[in-house]
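Numbering (the UniProt record's numbering), first residue to last: 1 to 327.
Among the clues, some could well be false.
Below, in silico cross-link-like pairs of lysine-lysine (PhoX-like), each with a Cα-Cα straight-line distance of 25 Å or less [said to hold, decoys possible]:
(1) K22 <-> K313
(2) K207 <-> K92
(3) K207 <-> K22
(4) K310 <-> K207
Pair by pair, the computed Cβ-Cβ distance ranges are [what the hints assert, rightly or not]:
(5) Q33 <-> T237: 16 to 26 Å
(6) F177 <-> G34: 26 to 36 Å
(7) T237 <-> K308: 21 to 31 Å
(8) A108 <-> L60: 20 to 30 Å
(9) D153 <-> K308: 33 to 43 Å
(10) E162 <-> G34: 37 to 47 Å
Simulated from the structure, these hints should not be mistaken for lab results. Because the structure is a prediction, the values reported are computed rather than measured. Note that CB positions come from ideal geometry on N, CA and C, so glycine has one too.
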Amino acid sequence: MSASSGAQLKCLYVNAWSTGNKQEELETCVCLQGYDLIGITETWWDSSYDWSVGMEGDRLFRKDRQGRQGGDVALYINDQLECMELHLGMDKEPTESLWVRIKGRAGAGDIIARVCYRPPDQGDRADEALYRQIGAALRSQALVLMGDFNHPDICWRDSAAEHKQSRKFLECVDDNFLLQVTEQPTRRGAMLHLILTNKEGLVGDVKLKGSLGCRDHEMVEFRILRAARRALSKLTTLDFRRADFGLFRDLLGRIPWDKALEGRGAQDSWLIFKHNLLQAQGRCIPTKRKSGKNTKRPPCMNTELLGKVKQKKEAYGGWKQGQVAWE
């Protein structure tokens, strides 16, 4: 496989507190900034989101909570990067975390990326499982760990904390020689969103990037300063210029929809419609290879939308500086 190499990876960490109606804003942000890796906590996804959370040009890894709402973690990784999910033999551990190995360029070594969500009420058993996983990952390559650990009482400058669980977390960080590189508060004056690494100089250019939606969680942008192996893009898109829309309408018009959807619920009806739509699409709309610097930019990304995104960022910046009210 042919490959090209980048000198570094541009990354973003987000606590979404439900992507819900923020998914399009997230995709816009990713498109404009060209991120190679996006770690997300508190996606609040379940199987009903399967059809809507994919992003063109990225491979999605996700771990959803089972049996209760909230939480969940996900990683989007540029589909040009060679990567695979890691399990470390600890799949049954009670932690909300996801590990992915990113193949490094020849001679550079691989990178282990992990996204983790630690709920505020997490018990000692889950904390101990989290620390075991960190120890297991450190036996291999360079590690970048991002997430919301919910230890607001930790003072990272003095490496001190009030609560027992926070002190245990600091012990884990020190015992494993991890470096915490976030330097600014990420929510209400507290440093909840952390970026940790086991290699000095591996992570740099850390900065806050505003909020997603109207939440008060700051997004954290950073760079992994190591080359990763990149494959030539095989990304394709629908070629509407060569589509046969007459045949498309005819195929869908032949289906007795009243009978096909009779007695079906909303989810089953959607799956039946989606199946028939994709079959007609495959027959009537050819595909083509995408190329160029705007490979990941969707057609809806016009000047008006870009202006709205800029306006939102400026309003958020003004609010942080006390120049405008939240309303």
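Hint by hint, here is what the structure shows:
Among the hinted pairs, K22 with K313 is consistent with the structure: their alpha-carbon atoms are about 15 Å apart, no more than 25 Å. With a CA separation close to 34 Å, the supplied pair K207 and K92 exceeds the 25 Å bound. The suggested pairing of K207 with K22 holds, with an alpha-carbon distance near 21 Å, which does not exceed 25 Å. In summary, the hint linking K310 to K207 is supported, as the alpha carbons are separated by about 18 Å, within the 25 Å threshold.
For the pair Q33 and T237, the beta carbons lie near 21 Å from each other, so the given range of 16 to 26 Å is met. Between F177 and G34 the C-beta distance comes to about 32 Å, which sits within the given range of 26 to 36 Å. Hint check: T237 to K308, Cβ distance near 24 Å, so the stated range 21 to 31 Å holds. Restraint check, A108 to L60: a C-beta distance of roughly 25 Å satisfies the suggested window 20 to 30 Å.
Against the hinted window of 33 to 43 Å, the Cβ-Cβ separation of D153 and K308 comes to about 38 Å, which satisfies the hint. Distance hint check: the CB atoms of E162 and G34 are about 40 Å apart, consistent with the given range 37 to 47 Å.
Hint compliance for this structure: hint 2 alone is broken.
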